[in-house]
Amino acid sequence: MTATRLSYPLTVDGVTWRVRDAPLTASLLTVLREQLGITSVKDACEQGRCGSCSVLLDGTLVTACTVLAADASECRVTTVAGLPAGGPADAVRRAFAEAGAVQCGFCAPGFVVAVTDLLTRRPSAGEEEIRTGLAGNICRCTGYGRILAAIRAAAAAGATAAAGEVAAGETTAGEAAR
Amino acid sequence: MTGQTGAGQTGAGQTGAGQTGAGQTGAGPVGTAARRPDGPAKIAGTFPYAGDLRVPGALVAAVLRSPHPAARIARVDTAAARALPGVAAVVTAADVPGAQTYGLIVPDQPVFARDVVRYHGEPVAAVAAVDATAALAALAAMDVEYEPTPPLTDPTLVWDGAPRDHPPVHPDGDVFGEIHISHGDPDAHGPVAVSGHYVLGIQDQAFLAPEAALAVPAADGGVDVALATQWLHSDREQMAACLGLPEEKVRLTLAGVGGAFGGREDVTLQVHVALLALRTGAPVRLSYGRTESMLGHPHRHPARLSYRHTATRDGELVSVTARLLLDGGAYASSSPAVLVNAVTHAAGPYRVPNARLDGATVRTNNPPCGAMRGFGVPQAAIGHEAQLDRLADALGLDRLELRRRNLAQPGDVLPTGQHLPGPFPLREALEIVAARPLPPPPSGPVEARAEARAEARAVRRGVGYALAFKNLLFSAGFDDYSTAAVHLELGPDGEPIAVVRSAAAEVGQGFVTVAGQIARTETGLSAAVVTPADTSIGSAGSTSASRQTWMSGGAVRGAARRVVDELLARTARRLGLPAAVAREPRRMLAIIDGEIVAPEAGARVPLSRAVREALAEGPLVAEEVFRHRATQPLDARGQGDVHVAFAAAAHRAVVDVDVELGLVRVVAMALAQDVGTVVNPLALTGQVEGGTAQGLGWAVMEELVVERGVVVNPTFNGYLLPTFADVPDLDFTPIEIPQPDAPYGVKGVGEAPTCSATPAILAAVRDAVGRDLFHIPIRPWDLVGPRDLVGPWDLVGPRDRVEEGAA
Amino acid sequence: MSGGDGFVRPTTVAQAARALRARAGAVALGGGTDLVPAFRAGAPAPPLIVALRGVRELRVRGASADHLIVGAGVTYSELAAWPDAPGLAMAARVVGSAQIRNAGTVGGAIGTASPRGDLLTYLVAAGADVLAADGARRWREPLVDRLAARGPAASPAAARAPAGAGPVLVTAVVLPRPAGPGVYLKLGARQAAAPPVLGCGLVVDSAAGRVSVAVGGVAAVPVRAPDACRFAADQIDWSRPDVPPDTPTRFGELVAAAVAAAPDPLATPPGGPPAPYLRHAAGVLAGRALAHCLAEAGGST
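Chains A, B and C supply the protein sequences, listed in that same order.
My numbering numbers the first residue of the first sequence as 1 and each following residue consecutively.
My numbering numbers the first residue of the second sequence as 1 and each following residue consecutively.
My numbering numbers the first residue of the third sequence as 1 and each following residue consecutively.
In isolation and in its complexed conformation, chain A is listed as follows (with noise of 0.2 Å):
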């Protein structure tokens, strides 16, 4: 009996592919690297408990390998690549570039997809708030240190660019900056 294919349209970082003869219980971790070859999106647990596939899935914060590729379908799947531009995403990567947060990296982009979901949501989130907020985020090499150190700088740099606009007088849109 051979297994259910299926195929099906799937919208990743703006861009719809076609999926073709994905088997039917394929994670959208698994379709994503091996059948788009999107391989940014991680594989080091494949059970929800690392993080290194963190992806947006209509705007919410997810682990690509508990989404059956299938049910997404009709949604839009966000890797690190297509983050929104003007959002804390630049600041995000710049700050874990310059903050010494990368070592062997394969936390990296799960990191900063869900850093920037944080910081999208809570941009004044404290430390505490940072620290159990990512805690589906694993780092086996950098004991958090650097990370927590880059996440504060890219809220510092949302924070002076919130304000930059205020006293440009523009208006800002979403949570005031603190």
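Keep in mind that the hints were calculated from the coordinates and are not lab data.
Each residue gets a CB set at the ideal place from its N, CA and C atoms; glycine is no exception.
One or more hints might be untrue.
To be verified - Estimated spans, in silico, between C-beta atoms of each pair:
hint	chain 1	residue 1	chain 2	residue 2	range
1	B	GLU489	A	ALA168	44 to 50 Å
2	C	GLY42	B	SER536	36 to 42 Å
3	A	GLU128	C	PRO276	29 to 35 Å
4	C	ALA65	B	ALA140	32 to 38 Å
5	A	VAL15	B	ALA218	35 to 41 Å
6	B	ASP77	C	PRO276	46 to 52 Å
7	C	GLY62	A	ALA168	39 to 45 Å
8	A	GLU129	B	ALA140	44 to 50 Å
9	C	ALA65	A	ALA163	52 to 58 Å
10	B	ALA79	C	PRO276	52 to 58 Å
11	A	VAL15	B	GLY281	32 to 38 Å
12	B	GLY602	A	ARG94	55 to 61 Å
13	B	ASP479	C	PRO44	53 to 59 Å
Said to hold, decoys possible - To be clear about the criterion: a stretch of chain A counts as covered by chain C if any three or more of its residues have a C-beta under 8 Å from a C-beta of chain C, and this derived list gives those stretches:
hint	segment
14	17-25
15	65-71
16	139-153
Said to hold, decoys possible - One side only, chain C facing chain B, incomplete, derived with CB under 8 Å:
hint	residue
17	LEU185
18	GLY188
19	ARG190
20	ALA192
21	PRO195
22	THR268
23	PRO270
24	PRO274
We have chain A already, so just place chains B and C on it with the hints.
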């Protein structure tokens, strides 16, 4: 299927044009916080790890593993698997053309089990198929008949001298190594004695990127493999032997490595993937999942430590007696070397006039164990530090004061007879860490675990200290070396660039950054690149033993200096300077601020022109093989000048313990560490923070649980790693004293903090609950309710067991 | 979607229930946090997956005068932010990580019926019922019965379902609107994102003068300790409310005794907490839960 680039991208990439002045970030020399060249790609998710490599037409491989920890194999029938659609090849032991076994020290590990399996997860067969679904279907179709046998899971049965009726696990014998160190007078004892037995569980390296490789068969009958590993040349040697190929036909390139921590030192998938590529004539990819990874690589040795410390009433150590039993699991891996480390460090960084230190590492049907960050020293450090705290209490002395009175200093004789080499700022490290401000008492609700809502009266704060020393580089007479080459070329923009070639495996620790910094420092060029590591150059040795900055840094420095010598010589000749100057060009020429200057000759040449003109004579390249000073193996009494150098570390841990539930929160950690000359302060901080976190994990949550030889929790749901919420900030003070005979005075930094972190946390928890602790990791029920006396195992002898404060 | 009917995405409960009934072995998919990793770990592919993402009825939650109703498609994150149900929010907040909370659903928790599930333990304490449907009909039954139906001892309700009616689709949970404080305390092996080892939900109904507790992680189904609850209710001076100082501890001891006597106890996993420790810890958590609830109730008057 999109075709990704091959493995040729790792490590490459310009460091960016920046000034070479001190203090510059970005692309700076030694001593600056230069940024990693691979950082942007890793952040963007484009950096190609071994598991990301894709080649059109590649087959997918999968491995069949034993579900039993011990069994005879009665039958392996692959016919049904081979007949499935999409299956290109199935291989078993019968298909291994060369050596049937491999191993880092003793080649005892079968490529595939043939007649018997000895551990849960041992490979029995492998398959290559068109996709993962077909490969898994082939595994399911394989017909293997096992006859399970009773697994040997108690290491004490192998080494307690008592007769046993269990047959040996392996015909070669079940003792991988045995060491007996005899120092001073074996009968000398002080009036105050403390004994303890400590049981340490298995820690897993849990590097995030599971094992992966891509093997492509070559027209010459060889194979090209891109893979994640810690030592390309060691892999190649073992692969060539098993594949029955000369080493020149096994060409390895380092793909992106997502962490290692010792877990990639052993061959795991290398022979399997190459064999399948050669058999099918097609490229073959092999990637492990997390469970397979946790079954597939050796772990940190679980250990049973039995210690007895005696001292004078003034707190001077008189003797240390220790027996260390490391369960090496089914195959040798690096067990004999781990044992050397554990036993030679067993008494700790202290002046011990009399010591009897015995150790053994034995074979069982438990999971194989080998290298993990610290390599036997974390186990020893737990023992000696727990003992000293208990001894201090028995003496009525402050725990730090007892240590102060007994610290080893350079020149002191260690139990191996080796004189402790300097520099060794252990005293300084202790005083620094003791003086660091403590975190304030918590304001508001104190919670050891936020979700458990303890009342303040149920939470007690504890403070603990631990000192450790950790050997650096390889030991015991091993002829270790590293090879590097530096080319001076013109980059695409016509400007000179230093190109570093080294086979050193970048696993995340930042060697690629350091190599660029060294090249920039020596050449005066602002542009330096490190090419992908591969076997086209000589071995750089293993990324382990905290050795790469010293050894491969030394090789890069040497090669860079000699290529600059050649550049200066050619420039001297071009300037018409005498031949004697060209023979020793640095006497008259120097590189300063982007120019070659010869003040006595009144000449200055822009560096870029000098390189361009020198290249007209031919390539500018130099290769260097760097060695450290010789060491000696241990003799029959455990004596020898066995370690090249040591790093000292002192940790302080502060914990809050919910004493009703036995829950621990690590509130703060402070570290002072002997780090030598700092090449990159940001990378240094990252390494010691990461090493501390791994020690923390073992202290309070990490244990690979094995029940009758079966691994119970080979997943990240069952094997818990510290999260962002578990690891507090690290208050870190580097102690920078240049190491003689190391390039720039560097010292390895990665392992020492892992050695001292775990015992510091154990000491802090002990301080909080007022109870001796004997198990790592600390479990909540160790802290609550009846004491667990760790079972009846007692090699010191019952009469020695408890003599605290004996008159 | 093409390539076979192995996957359907209904938009109503009726469609979903019919789809589950139409194929033997059909499986409902909520957030996927349990199901999808199970497939990766080798669980066999079912003949049909019925994805519930598009069934908007399941995502509804609301409050009536007497009850809270939570659709099976509501996620842990949505519950964690729901001010109408602080105890429920507390339980939802400690589940997994942000990623898991954003995807995992109430229906998925009930379907998986983990004996250690944080949310389930609290819902049992809160006296929740489930609303369920199969192809033929809809009904309401106590959550504990639905959980027991997944285990060796089938509930009377499950026995009443006609044979061949197909798998059960839980559409919502219903629980009394809080008439007092509720808490959920958890014991896990690390500071966050911890698999539950033990959990204790406790709900105080000040209006009715009742205490209700449930302990998860010790038996096949969360343990309810009715004797302990009656003791606590008797001890409480409901006019304040207030208790003699040793009541929480004594209450905890009674809960620990109920845990010790629970039928279908979970076996100690290798390397896991010994049963005496779990009993002790259950008592500690229960005592703390009661003390917290009373402090909260006292503070709010």
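For each hint, the structure was consulted:
no. : hint                            : result
1   : B:GLU489 / A:ALA168: 44 to 50 Å : 48 Å, holds
2   : C:GLY42 / B:SER536: 36 to 42 Å  : 41 Å, holds
3   : A:GLU128 / C:PRO276: 29 to 35 Å : 34 Å, holds
4   : C:ALA65 / B:ALA140: 32 to 38 Å  : 56 Å, violated
5   : A:VAL15 / B:ALA218: 35 to 41 Å  : 36 Å, holds
6   : B:ASP77 / C:PRO276: 46 to 52 Å  : 49 Å, holds
7   : C:GLY62 / A:ALA168: 39 to 45 Å  : 43 Å, holds
8   : A:GLU129 / B:ALA140: 44 to 50 Å : 46 Å, holds
9   : C:ALA65 / A:ALA163: 52 to 58 Å  : 46 Å, violated
10  : B:ALA79 / C:PRO276: 52 to 58 Å  : 53 Å, holds
11  : A:VAL15 / B:GLY281: 32 to 38 Å  : 35 Å, holds
12  : B:GLY602 / A:ARG94: 55 to 61 Å  : 46 Å, violated
13  : B:ASP479 / C:PRO44: 53 to 59 Å  : 54 Å, holds
14  : 17-25                           : holds (count 4)
15  : 65-71                           : holds (count 6)
16  : 139-153                         : violated (count 0)
17  : LEU185                          : 5 Å, holds
18  : GLY188                          : 7 Å, holds
19  : ARG190                          : 5 Å, holds
20  : ALA192                          : 4 Å, holds
21  : PRO195                          : 6 Å, holds
22  : THR268                          : 11 Å, violated
23  : PRO270                          : 4 Å, holds
24  : PRO274                          : 6 Å, holds
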